[in-house]
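Student: With these hints in hand, go ahead and build the complete structure from the sequences.
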Amino acid sequence: MEVNNSSVEHLPQLSKRFGHLRKITERPGPFCHANFSASPENLEFLSTTCKILIIGAGGLGCELLKDVALMGFNDIHVIDMDTIELSNLNRQFLFRKNDIGFSKAERAAAFINARVPTCHVTPHFCKIQDYGEEFYRQFHIIICGLDSVVARRWINGMVLSLVKYDDDGSIEQESVIPIIDGGTEGFKGNARIIIPGLSACIDCTLDLFPPQVTYPLCTLANTPRLPEHCIEYVRVIQWEKENPFKAPLDGDDPQHILWIYEKSLERASQFNISGLSYRLVQGVIKHIIPAVASTNAVIAAACATEAFKVATNCYEFLNNYMVFNDGDGIYTYTYAAERKPDCLACSNIPRSVSIEDPNTTTLEDLIKQLCEDQEFQMKSPGLTTLIDGKSKTLYMSTVKSIEERTKCNLTCSLGELGLKDGQEIMVADPTTPNTIIIKLKYNTNEVEMK
Amino acid sequence: MSSPSPKSPELSEKDKKYDRQIRLWGEHGQRLLETANVCLINASALGSEILKGVVLPGIGGFTIVDGRIVTEEDVGSDFFLDTQSIGQSKAKCCKELLQELNPDVRGDYVDESVESLLESRPDFFTTFKIVVATSLSEKTLIALSKLLWERQVPFFYCRSLGMFGSIRLQIKEHRIVESHPDSRQSDLRLENPFPTLKQHLDATNLTPKVPWLVVLYKYLQKWIEKHNGKFPRTYQDKEELRIMIREGMTADEENYEEAIRAVNSSFGGGKPPTALQNIFDDKSCNELNKNCNPFWIIVRAVRDFIQSENNGYLPLAGVLPDMTADTESYINLQNVYRQQAMQDADNIFRRTQQLLRSLGLEEDLIQEEDVHLFCREVSGLAVFRGTKISDEYEKSYKSVHIAQELRSPGSLIEHYVALRAFERFQTELGHTPGECNVETDTAKLKSVASKILSEWGIAETLSDDLVHEICRFGGAEIHSVSAFVGGCAAHEIIKIITEQYKPVNNTFIYNAITSESACFKL
Amino acid sequence: MIKLFSLKQQKKDGDTNSKSGPQKKASAAQLRIQRDINELNLPKTCTTDFPDPDDLLNFKLIICPDEGFYKGGRFVFNFRVGPNYPHEPPKVKCETQVYHPNIDLEGNVCLNILREDWKPVLTINSIVYGLQYLFLEPNPEDPLNKEAADVLQSNRRLFEHNVAKAMRGNYIGSTFFERCLK
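Protein chains in written order, with full-length UniProt numbering: chain A, 1 to 450; chain B, 1 to 522; chain C, 1 to 182.
Incorrect hints may have been included.
To be verified - One side of the interface only, derived from the structure: several residues of chain B facing chain A at Cβ under 7 Å:
id : residue
1  : K16
2  : G53
3  : P57
4  : D322
5  : Y330
6  : E477
7  : S480
8  : E499
9  : Y501
10 : V504
11 : F508
12 : A512
13 : S517
14 : K521
Calculated from the structure, these hints are not laboratory results. Bear in mind that the values here come from a model prediction, so they are computed numbers and not experimental data. Virtual Cβ for every residue (Gly too), placed ideally from N, Cα, C.
Tutor: So this is what it looks like as structure tokens:
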């Protein structure tokens, strides 16, 4: 169903439907945020201007889509690379049995669009990495319902790279896209807000993510004691040795799982280890995290509430982390996670380096500048950059094999190396604990390209 | 050892669908869920969200009781109503869209108000495993609370008002075998090893390959000898033991290192913790009768076992944590624990059979596997005795607790009082505070709140801002707040049905403005 | 600063249809590995080889022990650093067949910091030193090649002999080891 976006015709329809939301967006109140002004414009902003992206259409994603649709958001995008499986149906409530095998993003979007005619969900059936800055830049808010640390770090890095800084180093507010991130595991969950460049980011708080359970290899090989040891042995060592299906292990292939199950069972009985079950084998191989509908509903709801606060200013939003656990009673706790002053992802504000003329300045000159400049005083900087999204090592003196292959760059001019005005160069040096980023600022406009 | 059955180990369709939750509450929990029926009184965004949270995991059935007609405003906050529902029966529409979620679940509805049903067929409500209600008038809440208390049907009353929400559980007695504590203390019996353990440990030589438990045992013996039979209790005692172990090392043996780290947490297990002792002392345990829950018969058997033949020690759980060791010595030690645990459980099972006979009950009322599970979980047993909601509405209700809480700044008990005032306002003035006029209603709500507090004999008052905010809501139901509270309530229902995990005791308050919550015992 | 944050006045533009748009910023993992590599402080027995100098995430480490059982040998390890570095350790495999208690014939290496004891504060350098140590002090207590470990424990001379024989390119038991002398 096509949605009419012209606000004049749209609003009367909204006014009845969203009678509940109007109470808290059109009336002033004692707990409202200082920036809040009670007015129909708040809901109008949600329905006509605000663009929101939901990452993940799984347990959290389905709930998030429903929640933001009923909180007055209209222009909603959802991105997910996965297809629907039977084991999703106990919580991913926008899917039914006949949806199995189809795109989560597409089915979820279709369901919401049919149920909530005021909103329009656009699905993206792909990886988050398939899109670049141009895509992510268009959103006002991004909500993540992910189960992977890698994906969280990627979107964190992406949103941080969209943050623009003035010449004096202060943040241009329009470039900031808040991330609201939810996570669940069994009866535990958390919801948080990240204002990129202003509050703790994913990389600042990496230690909050539990590392994957691993066992010493020699235990697996020689002294297994638990059924898990037997399964891991078969997965890590035996599979590679015997390569039974001439293919890498696929946790979704029942034949693969069956093979691992049988071999693990053999190994377990050889060592008199009991308690090995098919379910356990699946759990270990696929790193299955238990999941229930209720925790996902709670965490998604908390994220949606925060998105609504951020978008309407009606209340001050969460500062900045809430943990939830209803395994024993119901427990929540909110606190302000702190930024890491040396965070590689968010504390790395590019520093400008002025270049007189990129056509005469060589890479060697730049390195000399980094070593002699009062601001840097480096010793043996190693330089890399990204050209068309691909990493390029410009020069590194400390590693012989790299030095040999990159020393030819030293005599090239920056122009010849394809470095443009505004190019970001990553510089590692023993004098700084982390790799820093410098931004080339050319004083002449013309660059001769060879 | 018997060979595994040749049938395919792959899970059934249903097991696959519910796999991610069966990993939490087990197949036995899932079976309980699949045979339970719940009743929802008053469909609303909150009601739908609660039901969604039990329909998806596969509850047996649900019934919605609501006599109202769907409005456009309802559709705006409740996902389980659509534009076509407007003007139709709310109970019917909501039931249809919820049932569509899961074909395993039976849905039903009664297109009648709870008030008329209470009058014509009060027994209707007592046919359910659990009743959950939203948006009740004071009068109906009190009547329902009394009925369900008397008939021993667990009852949840949930609220979602603007940015605030609450869950109140009313249950007479609830027993939990599997409380799933976050961390379990291992019960290793090192200070008082049972005979087969002592035999095994004495016969095992200390090598770098044996579990740390053996190392710790041997050095514990030396320590005890040195201290005339005393056990290490204080920090200094334990430090001395740690030093003794360290001095015994010849290389950097990992099992010695693990033994040193384990000194602090390995002693003192095996005695009933206070909460369990209270269960043993409970009247229900001491005065068994024909109608008592089998839980109490097993508790009694366990208590008798502990007192009469196990020197005050619990039946052994038989769980040995993983420790660096070669396979054989670990597995042998594990078997020593497992066999003793099996023996203890068998002993207790025989006692339950005797008790059943003496009570004139069928012997198959308690299965062997029930007792084994019970023994494994014994240190975490919990019994929950609740209070009646209607008591909170008695004129004489005086809660010292509420008064005390109200004095601590920022306490969410204030929100409880505010929600109560909201309901009283509706009773007395016949409309929702702030529905049309925030300003005049704020003044009226303020005086209603003061009246309630003075009835309770509490001198404190509600803050003007909170009263104002309640009126600003004007009875609005915000979807994300309902979804939060609904998710929580759904899991509390599952806890009661599966008899696993400790439920909220007994009132949960949520403030979405500050993203805070708190629990109170009312 | 956060309190002043407001979305309302923001206009967003962006292209919904563009699938391209390369990333302009290096990931945290890339920044971290660049530092690790730039600050590699190799013992004199070790060298690195970067087949593609633009790719700092995939490289080889060559260890030529100058003392101990493995003196005179040349052992190549393959390093693969993932996008979750340093939250997760790099994957390291030994590409040279070696008769060693802690390295199996598939090249799996039993070194605690490569698995259960990895911490994000550790660096590539820590792993290099850990691997080097394995050649100086093979540890029969944590065996991956049980036969080699048993020999080391029961007969040090025989173990020494077997290592030398294997490095020259020979059968030890039923397993053939390719020559790996420098």
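Student: Next step is simple, just say for each hint if it's right about the structure.
Tutor: Checked hints:
| no. | hint | result |
| --- | --- | --- |
| 1 | K16 | holds (5 Å) |
| 2 | G53 | holds (5 Å) |
| 3 | P57 | holds (6 Å) |
| 4 | D322 | holds (6 Å) |
| 5 | Y330 | holds (4 Å) |
| 6 | E477 | holds (5 Å) |
| 7 | S480 | holds (4 Å) |
| 8 | E499 | violated (15 Å) |
| 9 | Y501 | holds (6 Å) |
| 10 | V504 | holds (5 Å) |
| 11 | F508 | holds (5 Å) |
| 12 | A512 | holds (5 Å) |
| 13 | S517 | holds (4 Å) |
| 14 | K521 | violated (11 Å) |
Hints 8, 14 from the list above are not met by this structure, while the remaining hints are.
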